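Line by line, the protein sequences are chains A and F. Counting from -2, one number per residue, gives the positions in the first sequence under the numbering used here. Counting from 85, one number per residue, gives the positions in the second sequence under the numbering used here.
These aren't lab readings, by the way, just hints derived from the structure by calculation. Remember, it's a predicted structure, so these values are computed and weren't measured experimentally. Fair warning: there could be bad hints in the mix.
[Claimed, not checked] Label pairs and their calculated CB-CB ranges:
#1 F:P121 x A:Q131: 20 to 26 Å
#2 F:G113 x A:L404: 50 to 56 Å
#3 F:P121 x A:L684: 44 to 50 Å
Glycine is no exception: its CB is placed at the ideal position from the N, C-alpha and C atoms.
Spelled out, the chains give:
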Amino acid sequence: MVSGQRFCCRACEFLSQFEEGLSLKSQKSSTAWDYLDSSPFIDHIRTTSQNQSLHNYRLFLKGLNCSSCTHLLEKLPQIDERILNSQLSFLDGELKLTVSSDLTPSEIARQIEHLGYEPKFLTESEQAKDLLSQESKSLVKKIAVAGFSLGNIMLLSIAKYSGLEGSLKYLFSITEMILFLPILLYAGIPFYKGALLGLKQRSIHLDMVISFSLISSFVFSVIGFLVWGSEMYLDSLAAFTFLILIGRWMIKKAESHSKDQLSDGLFSPDQPVRILEDQIEKTIRLKDLTPGQTLLLGPDQILPCDGQLLSSRAYMDTSFVSGESEPKHYQQGQALFAGMKSLRKDLKISVQVKPEDTDLHQALMESEQLSLSKSRQLKKLNQIGKSILYAALALGALTFPIFLFLLQLGFQESWSRLLSLLVVTCPCALAFGGPLTYSLALRESKKRGLIVSSADVFDRMSEIKNVIFDKTGTLTTGHLKLIRSEPEKLPIWHRAVILGLERSSFHPVAFALREAYGDQVKQIAEVRDVNEVLGEKVFGLFDNEIYSLRRAHLGSGELNEVGFFKGDELLAKLYFEDEIRPETPSVLSKLKSKYELSISSGDKASRVLSLGKALGISPENLFGDQSPRDKLQYVKSHPHAVMLGDGFNDAAALGAADVGIAVAGPLQQSLKNADVCFLKSGLNPLLDLMDISTRLNTSLKRNYNFTIAYNLIAGSLALLGIVTPLIAAIIMPLSSLFVLTQAKRGFL
Amino acid sequence: MNILVLMLPLAITLGTGFLIAFLVAMNTGQFDDLETPAQRILDDEKEGERKS
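Next up, chain A with everything else stripped away, as it sits in the complex (with noise of 0.2 Å):
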C-alpha cells in the first residue's frame, strides 16, 4: 500500500490492505454484542438450515458508500473460513449471512462494526417486509398476462377491423376469447377480492364496479357475438383491465413508500436492556420487562418505561417528555417517565409500568396508527366519495334505457357508454387522497417533535382566530434558576425540609430548588402529608409543624418570589429568575397579523403587564393573576382559540380550547389534556404546526375541487360517448396518481 494513499470510505481502504494479505479479524474485543449469543436473542435473528451445522443470519447495515462494500461484504467468506456465504443486497442494505455453527453473532457483528458499518441483525417479524413485495410481485405477474393476453388480442383484432370476414374471421374471435380467458380467471382476482371485501363490509367499493364491468362485458359481448354475430370489443376491454391493473401497482408503489416511513417507532420490542437480577446484570428483551424488576439505564440512554429511581440521584434531559430544554435533577424514589434520557452514570430504576402501557408509547402508537376516524372532514369526504359512486350508478340505471329506447343508439353503443361512465367516474382523490393527506400531515408533525391527538386538529386549526398564551414555560423558558435567598444562608435543616417538601413536585420552583440545594443536602427531611395546591403552596407536617412554600409577594416584582413559612412565620424569602425564550419575540410578531393574541398568566399582573408590553401584544389582552379558573374562564369567553401551556397547570383551560397545546410539562398529562403536544422546547412548533395544517388544508380542498370537476366533466364526456371505455381506463387511474402526487407534493 502507498503510505498516506487516500481512500473514499473505509470498505476501499480494507479491501487495498486485503490485497496486500493483511488480515481483517478484529483485535479488539468489547462485550457490548455478548448478549445475542444467549437466548431469547438467538433464537430471534438465526434460521438454521436443515443441516444443524450451518446459521442463516439476516443483518441490516448502516453506512453503506459505494460499490466497494459490496466487494468487500461478500469477500467474507475468504477472510473467515467459517463464513460459507455472504451474500449483500445494496440498495435494501441487507446482508445474508450462512455460517457454521462455531461462528457467534456477537463474533459477526464485532467484525461487521470493525469494517466501518452498523450492523443490525434483523429479526423474524422485521422480515415481514417481504410481505409486501409478494403482493406487489403478484400484481406484476397479473400485469404481464394480462399484457401477454392483450397484445395477442389486439393482433386478432387489427385483421377484423381491417376487413377479415368470413371463418377466419370466427376463427379469430373465438380466439381471442379464449385468450381472454386468462385476464378473467387470474388478472382480474386482485379486483374480485377488493369487490368482496366491500360486499362483506357493506359498502360500495370501487372494485364492485370494476369487477362487474369486467364480467358483464366479457359475457355480453360473448352472447352477442354468439348469437346475434355482432362484434366483440373484448380488445378495449383487455386494455381497460391491463390499464387499472398499471395504475394500481403505481398507486401501491406510491403508498408503500409512505407506509415505510410512518412506521419507525422509537423503542423496537426486541432491543436489548440490561437488569439487575440477584446482584447479577443480565441482559433480556426490551418486550420481557416487567414490573418489579431493576433497569439499569446507562449514560445517553432512553428510558423505555415508567419506574422510580433507585439511585440517589439522577440528572435526565427530560426534553422528549416535557419540551424542556435544560436537563433536571431527580432525587432518590421520584417518578421517571419514559422517554427521559440520562446523563449521567449508570442508573438503577425500578421498573413499574410496562413499556408497551407507557402513556408515551401509546401516544406514539396513537399518532403512528392516526385515529383517522375522528376527523369530520375526513368522514365527509368519505360521504362524498360514495355517493359519487352511487350517484354515478343511478345515473348509468337511468341513461341506460334512454340511449337504447328513447335514441336508438344499439345495445353495444349503449352499453359502452354505461360502461365508460362506471369506469371514468372515481372518487379516489376522496378515498385515498383524503387519509394520505392526513397520514402525511401527522408524518410530518411527527418529525417537527409534534404529537397530535387526533387529526381533527387539523380541521379545528383553520378556524382560528385567537392564540392564548401562558407566559411562564411557554413564553419564557419555564426554566426557573434560584438566584438569591433571604438570609443568604439558609439553616441545613430548612433545606432539608424546603426538598422534602418539593419531593415530588412538577412545579419549576421544585426543579429550581433541587438544582440549588440537591447537592448541599445529604438527607432530606421525612415531610409527611405533602399537599399541593396548584400554583399556589404547597405544605406538609414536620415535627408537628406546618411548613410551606408559598407564591409570596415581598419585594420589588420583578422577579418570582417564594416564601418558606414555619406556620405563619415568614422563614426565609426565595428568589427566581425566568427568562423569556429567545425566539418568542419573532413568533409572535409573525402571529400578530393574523391573530388576535393574548396572555392569561398565574404571574403577578405587573410582570405579565412589562412582559406583554416588550412583545408589543395590546394592553387590554394581557391578564396577570389569573388562576386555572380564570384561565378556564377566559379560554371559554373566546371561542376559536388556540391555548398554549404547560401541560399539567393549565390542564383545564388547554382542554377547553379549541385547539389546546402543551408547550411543557409531563407528557402523561399533557397527552390527556391536550390536542398537540410539543416535544422540542420552544415556540417554532406551533408555526410548524399552523404550516401543516395551512398545507393539508390547501391539499385537500385542490384535490377535492379537482375530484369534482374531473367526475362532472369526464362523466358527462363519457355519457355522451366521446370517451370511450378505452379512454376511461386509461385517465381513472392517471386522475388518481395525480391525486396522489398532488397529496405528497404538499408535504416535501
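Chain A is fixed; fit chain F onto it per the hints.
Below, chain F alone, put in the same frame as chain A:
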C-alpha cells in the same frame, strides 16, 4: 390466407414462451435486486478465486 392457420398458433406460442420466461425470472428473484449484481461484476478478482 391458409398460412394464418399456422401463423396464429405460432404467434401465440411465441408470446406464451416469453410470458413464461418472464414469470420464471420473476419467481426466481431475478428482479429482486437490480443494483448489487451490477457491482459484483466490477470486482477484478480472478475467476475461480471465488468460493461457494
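Requested in this report: Just pull the numbers of the violated hints for me, sorted ascending.
Outcome: none
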